[in-house]
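Asker: The chain contents come next:
Protein chains: 2
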Amino acid sequence: LESGSVRKATRMLNALHPAEIAHVLQSLPPRQRKIVWQMVDHAAEGEVLLYLNDDVRDEILRGMDATEILAAAEGLDVDDLADLVQDLPAKVTSEVLSSLDEQRRERLETALSYPEDSAGGLMNPDVVTVRPEVTLDVVLRYLRRRKDGLPELTDNLIVVSRQGRYLGVLYLTDLLTSDPDDSVAEVMTLDVQPIPADAKARDVANRFEQLDLITAPVIDPDGRVLGRITVDDVMDVIREEADHQFLGHAGLSEGEDMFAPVLLSARRRAVWLGINLMTAFLAAWVIGLFEATIEKVVALAVLMPVVASMGGIAGTQTLTLAIRGIALGQLSAKNIRWLVSKEMAVAALNGLLWALVVASIAWLWFGNSSIALIIATAITLNVLAATLAGALLPLVLDRFGIDPALAGGVILTTVTDVVGFLSFLGLATLFLL
Amino acid sequence: LESGSVRKATRMLNALHPAEIAHVLQSLPPRQRKIVWQMVDHAAEGEVLLYLNDDVRDEILRGMDATEILAAAEGLDVDDLADLVQDLPAKVTSEVLSSLDEQRRERLETALSYPEDSAGGLMNPDVVTVRPEVTLDVVLRYLRRRKDGLPELTDNLIVVSRQGRYLGVLYLTDLLTSDPDDSVAEVMTLDVQPIPADAKARDVANRFEQLDLITAPVIDPDGRVLGRITVDDVMDVIREEADHQFLGHAGLSEGEDMFAPVLLSARRRAVWLGINLMTAFLAAWVIGLFEATIEKVVALAVLMPVVASMGGIAGTQTLTLAIRGIALGQLSAKNIRWLVSKEMAVAALNGLLWALVVASIAWLWFGNSSIALIIATAITLNVLAATLAGALLPLVLDRFGIDPALAGGVILTTVTDVVGFLSFLGLATLFLL
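From first to last, the protein sequence lines are chains W and B.
Position 65 of the first sequence, counting from 1, maps to 93 under our numbering, and the rest follow consecutively.
Position 27 of the second sequence, counting from 1, maps to 55 under our numbering, and the rest follow consecutively.
No wet-lab data here; the hints were simulated from the structure.
Check each hint, because a few of them may be wrong.
Given that identical chains are not distinguished, each listed pair holds provided it fits within a single copy or across any two copies.
[Said to hold, decoys possible] Below are the DSSO-like pairs computed for lysine-lysine, each with C-alpha atoms no more than 30 Å apart in a straight line:
| id | residue 1 | residue 2 |
| --- | --- | --- |
| 1 | K62 | K175 |
| 2 | K362 | K62 |
| 3 | K228 | K362 |
| 4 | K175 | K228 |
| 5 | K324 | K362 |
| 6 | K62 | K119 |
| 7 | K228 | K324 |
| 8 | K119 | K175 |
| 9 | K324 | K36 |
| 10 | K119 | K362 |
Remember, it's a predicted structure, so these values are computed and weren't measured experimentally.
Chain W with its partners taken away, still in its complex shape (with noise of 0.2 Å):
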């Protein structure tokens, strides 16, 4: 960017979607980053921030102060104002409580309410609400008197009692589409089910992809309508399931800036190296058990690595199946054993395979069929206890409260180290000395 063209850069970069500003940010190093960002219009940074992941804005708020956030929130939907006021120390957060009139207040205390993962915090509380008995035509009237049209992503209206509690949807499609002289109550749709406020994010999500939903409305434990949670906010869930799973097997939170500043990154990469450094010296010291006997026949050595690595493929399989299986809903405690006792078959056949394959080269590398057989013999036992380990950990762990993603590759990591080296430095001991 050289300083000439700053202007009709600057042009072009307000003329683009607030998600895509977000996105060229989010492409670029921090400090080309910074002077981008500069060149925002006021108006924009607002919904600017919302679309930009979790280490981006944070990097971006820190650099604003109380004031420009104050100006950047104003005119922010109250449920993307939530999303953000999370992310604020709590000094800006009660300044810009204090901003709001009443009616925006009480909301945003609402929202603010509930988990970040729940459905009552991805709702929106902005709902039109219409009455059953009223006709399709004073509804079609009522809309034409709204000054401010319908709020973005409104695909139907909710219909509600008297006591405000939740009694169907009238869709858009069929209010377009009917008599105007039905009432609302003959052309509503009653087999949506309204989602209550403390459902799981996790389980919003897969009930629009399941369903193929555009809006949902959200309830208290009454049944009173409380907001809806839209389709857009519930990809966001789903792209960050995804990362989260993706990125933890790396030790990697969902939320990681790619530019991330050098030293954060090292010092959050540190400590997923150190845990995996742990693991490490675990597998060294069983190792180091065995010295003698490596000592006296050194093949073992060159052997032992690929017993612990056919091991720790034949697990991640099993545990990387385990885990999007939770994710999905499709595994519980209820089918678990049937899941075992399959991949268990598929190991017992995989293990069985390779393990003869690895046995004959290394009978034709080295010459001794003892230690092809304590490699075969070893091989097996690892992939075996490693496809245990696979299929249950997740469950156990999620069963903890820990969450499988971040941890389970670390822990089966450990499994197929240790049975690995053990059984197949245990077995050359007793056997070949």
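Assemble chain B onto chain W, guided by the hints.
Answerer: Same frame as chain W, but now just chain B:
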């Protein structure tokens, strides 16, 4: 399921949404799955098939004859039919085609002419179009006269010229809240960019996510409207992409059935184990080069997995970040240099830090300062090499048309094993003997 309650179970099952029935089927082992499938209403079979993942769907289709498949396919939307037909044997496909009326056959053939992972493959030809010069009142009356309502997930009508060229969209919400005497041209939205039919599914998904779209029009190179893409199909793309990334690192395919038959699973997994075995044997071969060294200093055999493991972890973190960056369109040849230098800086810091830690432990353990120095050097080198490979591999593989989510991990492991063992044992041979 006791035999007495079969009728009750059947009733309960068929009260569910087809997507929920599919979910039940996917959570069941093969034998029970077959029984439950028999209980599904014939009229719902087509819909249920659509919601199943590839493996389970194939399994069930294999159990059906052509007449049954034809019956199930009846009444499906053309775009759904296109998804289904792609999994059928050619003979059944042509039977399905000839069973359709001319209009549907033509539409199906159009849909099949685009690759499954393009905008054309995702689109649904069922669009409602309006002309810009008519008034909203005319549109409202036209809609009310439509016998079969509007297609599912309709949030706008597409405004086209006399030649069928895309002009803009008329949101139903605007139609409902504007003056009926206004013309479509006055009320329509111009800033929804139509999607070319040959756009990649991944790019379509990113656009839907960024712009919070519900539907988007698809056009041919002349700007003529071919159909529209709906958010439910986009969510499937996002889910499949995510599954592909997450399952790919374990060598599993995204359509993987958790409860696939043992022999099928075993055969598929065997391939992945075999590929990884080659990597493991390459590592063993490298170690084998230094048998004489290990025989003299057994501590090397004890410590060598630590060197390989630290490289593996550091490299996997960078690889994971780069794969995700490419998928989200945030990483390209343009900014890869920045990522590489940032990741190398992180690697240098963490490599040195943990090299020091490992060296200290090795020194305390074996009381040999040369080994400590050698392992520190080897770890630093391996972490740097692994990081470089992790950052560059995804773009390079992508360039050659190889899938980084699948091949990246295997190649990275090869690099970290070879560099790790070679540097550690090589340095030891040079300086210890």
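Asker: With reference to the structure, classify each hint as holding or not holding.
Answerer: Here is what the structure says about each hint:
{"no.": "1", "hint": "K62 - K175", "in the structure": "neither (38 Å within a copy, 56 Å between copies)"}
{"no.": "2", "hint": "K362 - K62", "in the structure": "between (52 Å within a copy, 19 Å between copies)"}
{"no.": "3", "hint": "K228 - K362", "in the structure": "within (20 Å within a copy, 40 Å between copies)"}
{"no.": "4", "hint": "K175 - K228", "in the structure": "neither (35 Å within a copy, 39 Å between copies)"}
{"no.": "5", "hint": "K324 - K362", "in the structure": "neither (50 Å within a copy, 54 Å between copies)"}
{"no.": "6", "hint": "K62 - K119", "in the structure": "within (24 Å within a copy, 60 Å between copies)"}
{"no.": "7", "hint": "K228 - K324", "in the structure": "neither (58 Å within a copy, 59 Å between copies)"}
{"no.": "8", "hint": "K119 - K175", "in the structure": "neither (35 Å within a copy, 58 Å between copies)"}
{"no.": "9", "hint": "K324 - K36", "in the structure": "neither (74 Å within a copy, 69 Å between copies)"}
{"no.": "10", "hint": "K119 - K362", "in the structure": "neither (47 Å within a copy, 40 Å between copies)"}
Going down the numbered hints, you'll see the structure goes against 1, 4, 5, 7, 8, 9 and 10, while the others check out.
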